[in-house]
Amino acid sequence: MTRRRAALFVRIAVVAGLVISLEICCRTGIIDPLTIIPPSEMIVSMVDHIGSGEFNESIVNTFSTIILAFVMAVGFGTLAGALVHGSSRLRDVADPLLASYYSVPTFIFYPPLVALLGLGKTPLVVLGVLSAAPAVMISTLSGLDGVPPVLMKLARIHRLSPARTLWWIVLPAALPRLFTGFKLALSYALIGVIAGEFILSGTGLGYAISFAYQSFDNRAMYGLMLFVLLVAIIANGILYVWEGRLARRRSVG
Amino acid sequence: MTEQSHVALNEVVRRYEGPPAVHAMGPINLTICRGEFFSVVGPSGCGKSTLLDVLCGLVRPTSGSVHFEGRELHGEVPDGIRVVFQEDSSMPWLSVRQNVAFGLRTSGKPEKEIAELVDHAVSFMGLAQFADHYPAQLSGGMRQRVCIARTLVLRPRLILLDEPFGALDQQTRLLMGDELLRLWRETGATVLLITHALDEAAMLSDRVGVMSARPGRFIDMVETGWSRDRDSRIVSDPKFGSLTARLWSCLREESLKTMGWAA
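Line by line, the protein sequences are chains A and B. So the first sequence is numbered by the working numbering: it starts at 948 and just counts up by one. So the second sequence is numbered by the working numbering: it starts at 1206 and just counts up by one.
A couple of the hints might just be wrong.
As the list claims (entries may be wrong) - Only pairs whose alpha carbons sit at most 30 Å apart, straight line, appear in this in silico DSSO-like list of lysine-lysine:
1) B/K1314 / A/K1100
2) A/K1068 / A/K1130
3) B/K1444 / A/K1100
4) B/K1462 / B/K1444
To be clear, the hints were calculated from the coordinates, so they are not data collected in a lab.
With the hints as constraints, model all of the structure from the sequences given.
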């Protein structure tokens, strides 16, 4: 068994162990089933609720908001990162702000965002972008910093235009670090949007989870939570596999 | 400029603005003939790499002029000059074949022609078995061969090499030197090699320029007198020892100055 496969096996075993332990604890009453329902019940609840179609609108709302926030965060973060990278003065200003950015809980801005932008998708998208864009910006800066100077010299020797230098040298050289930022951006956009819906919104999966929680409907709450969790894991898994393929090309020894 | 002159530097000086301001090299006067293998040796920090940057147009001289094939360079890299750098400049996201094809693709050649030229260059450099490998799967010497192949496939008329074998062990350096000589003979290109290895310069070159400590200037020109079909076996020739000794006797005082140990 290769080292990678062994690590994957251990990871799956740990998660499976935790799920089985939770199932046993819930079934034997060690954990009150009124507090947490058994994982098998969560799966059944998820299938029931999602299959019933009653949350279709919420699913579409939430994930379209997340995708929009993610795409905007990637675009804005990459562009801002490239601009800051190109100017040492901007860099001096931005570096400490970026370093301390994630110590600020961005959710506190949701009420003023609602006041400014009204209820609906827009404040949630802005919240998602605020959560995700700085991660992309940081990874863009790191990626551009990591482009070997010799490759930039190579671009000049081959008389590449700035656009071709960007496309053929800078982007591929910076891609592994950019990808890390994209992965983080997806997670942050998801957290930002779901948490925004949970706190103040009247639509979406976050709101549905919050509503089920306030109605003491544990079965629905855990079913929807599991659904969000699975979608997040699958989306991250796709990016992880893609990133792994990229990395393997560069690091096979 | 004579008819045989391929590259000419006339009173070239390069200074870097401070603080602190640095007079990196010059004034330098140098003419390299078409098809010549010319090497530059000098103490650390004497401006060898600056000379190469000025020669290929990456850096403008502070004063003086550089002519390539009769045309003055004005801070641009002319067609016909290519460089192999000291550092590994293979692109890790491209296979060996794609790395070698890079320059051809940027020049917009048809794919069929690119494939033929790349296959030839890859085989020529002994990389045919590794054509679909990525640089991370190759040794340092093989990666440097990829970079040399990427340069040669473009058929440059002037090849500039900045300590290309600096990271290799002695045996590999000798073998790579043989390959370089073979390529030089077959392509008929003019070669300028920057090196800190005196034996490498003595073995490979028609002529060796010895630079002074910074600001670098040529303090000696050594004609080796080797035939064009030389290879690494000349290291056992008594003349090789005397050439290396001559280069060292020129350089010793300058190296002492660089170290701050001069009397």
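Broken hints, numbered, in rising order? 3
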